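Student: Given next are the chains, with one letter for each unit.
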Amino acid sequence: MTTVSLVDVTKKFDGITAINHINLEIHDGEYVCILGPTGSGKTTLLRLIAGVIKPDEGEICIDGKLVNDVPPQERGTAYVPQQYALFPHLRVIENVSFGPLAKGLNRSEATQISMQMLEMTRLAWRTNSFPGELSGGMQQRVALARGLASGAKLLLLDEPLGALDARLRVELRYRLRELARENNLTTIHVTHDQEEATIVADRIVVLRNGQIHQEGTPTYIYNQPKSIFVANFVGGANFLEGFISERKLGSSWVELRGRFRIFIKDNSHSVGERVVLAIREELSKISKNGEDEVNILRGTIKATSFLGDFMSYEVLLENGDTVNCKVPTTINSEKFLIGEEAFVQLKPQDIRVYPYPPAGLYKELEAL
Amino acid sequence: MRALEGLSSKTIVRYLVYIFSLAFFFAFILLPPIFGILLKINSLGEIYAYPELLTGAHYAIIWSFITAFIVSALDLIAGLPLAWFIVRSKSRLISIIDTLADVPFLIPTVALGYSALLFWSGSGGIPNLFGGSMFVSPGFVLVLLLHFTFSFPVIVRVMVGELLEYKEIYEFAARTLGAQPFTAVRTITLPLLKPALVASFLLSFSRSLSETGATIMVAGTFQNGPVYIKNMKDMGFEGPLVYVSSILILTSVLVFFLISLIAPRSKFPIRKVWPKFERKLSAPASLRLRDSMALFVFLFFVMAPSLFVLLPLIYALFDGTLGGTLSLALTSAGSWGDFWGSMLLSYSIGFISTLTNIIAGLPIAIAIARKKFAKATPILGAIVNIPIVVPSIALGVSLSFFWRSLGSIPEFWALVFSHTTITYTYFIMSMSAAIESIPTEMEEVASTLGAKPFTIFRKITLPLTKYSVFSATILVFTRSVGETGAAMAVSQTLKTAPVLLVDWVKGGVVPQLTLALGIGFLILTSFLTLLLLRIAVRGGR
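Chains as they are written, first to last, in my numbering: chain D, 1 to 368; chain L, 1 to 541.
In short, the hints are calculated from the structure, not lab data. Keep in mind it's a predicted model, so treat the numbers as computed, not measured. Heads up, some of the hints might be wrong.
Stated by the list, open to error - Dumping the calculated PhoX-like pairs for lysine-lysine here, alpha-carbon to alpha-carbon at most 20 Å:
hint	chain 1	residue 1	chain 2	residue 2
1	L	K280	D	K103
2	D	K288	D	K302
3	L	K90	D	K12
Stated by the list, open to error - Here are some, though not all, of the chain D residues that point toward chain L, as calculated from beta-carbon distances under 8 Å:
hint	residue
4	V52
5	P72
6	Q73
7	Y79
8	A85
9	F87
10	K103
11	R146
12	S150
Where is the CB? At the ideal position from N, CA and C, for every residue including glycine.
Work out the full structure: start from the sequences and follow the hints.
Tutor: Written out as structure tokens, the structure is:
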């Protein structure tokens, strides 16, 4: 049983606020991904929980016990830092048995536990290698085994897959999830890769400028992004600028540039207010004939790219806006050529509306 | 500039530069001491006529090594906690300690020796606290204390640099795995810093082995290698002189390379952990004790003996005698004429030998850093070390034989050449380390952007290593001005400032205040030189 709770935690470095009044509860056995762009405070948050740095304000509790003044060696966490920090002068087995030995176990007990962990991470055959002789994926597994051998029930992973190549990354993230579940670990996994987060996490915590921006299950975050930032950061989307031209009961009309009118199922913004519409690329429908339906926009194909599972079309609309459409690559899906005329449909129920960001849309989209 | 840049892209010019600097290395640095000893190899047998001198020679050599080992080990034990304290302390005041740690390094060793003598055995120093009884009289213990003082900053400087580079993440990882801070340091940090520990031990070791001027001042009847050489030279025994010099040269090279080969392979044997005991050692109280001990050792055994020489000056300032001596000094009256002459000599030699080292040494430093000589590079890197490994007075003895054998060389130039030899390694080692730390990609990118080799050097390499050029220059210059052993061995009629000061102390005819003032001037001028150099480097950006 391992829980973590942060109450109003703040951490500053030389006057710069890295973590700004964060409140977070992590339940026993939960797998939580801290997702955020570079500089959002993810690593700082992890280091605060591991105890290698101390908060300036607020309380950190592990298993309900206040640990602000508990040094890292007594917190019982398995901290796997970025690049793993495997001890380069020690062999794999010595690295893994470091924790048990440091806690005072005798050599045979320590070796036994370490071998178990190495078997679990499928590395029992490399016990006598030095870290420098292992591939990135193996190093990552040694780091995991080392963390687990210390008996910790709280796993702290800092970009655990960041240094690996794309294929291995995909393979190992499932393994990570499995390992955590099999060993009944509470896991906090820091990443800037939204795809990785949505696949492994029970819950995602989106961090921005040292604050929790949004949290929830991966599907919730994906379907109900709270802001342009989250919509863009998690999954990406088309963003169109406009203003509310008409407001009705449960719906509104938005006017884009070039007098394009879009019907939306939202009436929370008042007439005249500047807004940004967001719609997922795979929900932006593209067709050759503009059927007589709502929100059909005409344009021409500007670029096409083949993404494997998907075909992506960049459509230049008549009003000058650009929209990307993702179409599953199936045999009977329509194919488009560059320069060809195309119609894009944005279904009202798929469109999300956000107030126009004070610093401008581009600035908001660049904040990754 | 443009002409130089054009020339630098010609392969033949580059070859010529390397050939010139290699030729310089062999003709002025490596071969003179070897030939010098070989020239006198015949007189080696003379020593067997004097059995008591032979036994004395063996004892002197053995004591040299014993002293160097004890001192370096103690310095490492005491210097590491201070380096740690400097790097890890969050207090702003620590930068003061950091700067102070360099002070003994910048004081010429003769001045330091006299200062330590006054502190430990002088009537106004430590004996004063014990009712005037001589607590530490000149001899072995005082030599140990002195060597501890001047080797200490070497260790601290090297270890502070290494600790700053060290990735603390290893220590964090160890601690989250349950290791007490002390355990983490013992099993992770120290083994990872082993190369630096070995390097700083070796630096301290060769410094202790080599130091002459200060040691003579505090040695009393105790003889180590350099003191023995000086005594034999004074008494005019050439046989024992050659005997001890050649053995010291050979054994010190041997021991140095043995340590540098074996030490990095040695394992820290203890992997066992004592959680309860080490937890106590990691407790805040133990840490405070460690920090205060480190500070105490530093202040009492390093700073106080180094700066104690200034005390007579301060006394004199209050009882009004300073003015008289000062006016004598400034009017070059009496022995002051000799003093200013030798200061001028020391600074001229320092200036010429530093300049020579920069011009002739830079290509070698680049060649070593960039492995220009393919497989021969590491060999060159190793032999370049020889001048600092070898006791400077022994080196000086063989150099003096060599330069005098050429007959017509004026004494001044023999002194310049030997000072160049002595300081060569310092320049090469610090420059090549600095150049090596610049990624080759920078130079490669610059060349793909169309820059010629000399342009790259001037616009990329030099600006990035500016600080190292500065510190290498300082190192070479202060070493040259402060050098006593080699100067003593080579000089016949000309006396450099350190040699003159040793004579003053040993002769005992010069008033104490004059001596203190002379040493004060030497310290003052070295600080002023440093300051000027620093300003020059800042301004020449």
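Student: Please go over all the hints and tell whether each is borne out by the structure.
Tutor: Structure-based check of all given hints:
| no. | hint | verdict |
| --- | --- | --- |
| 1 | K280/L - K103/D | 14 Å, holds |
| 2 | K288/D - K302/D | 15 Å, holds |
| 3 | K90/L - K12/D | 15 Å, holds |
| 4 | V52 | 4 Å, holds |
| 5 | P72 | 4 Å, holds |
| 6 | Q73 | 5 Å, holds |
| 7 | Y79 | 4 Å, holds |
| 8 | A85 | 4 Å, holds |
| 9 | F87 | 6 Å, holds |
| 10 | K103 | 4 Å, holds |
| 11 | R146 | 7 Å, holds |
| 12 | S150 | 5 Å, holds |
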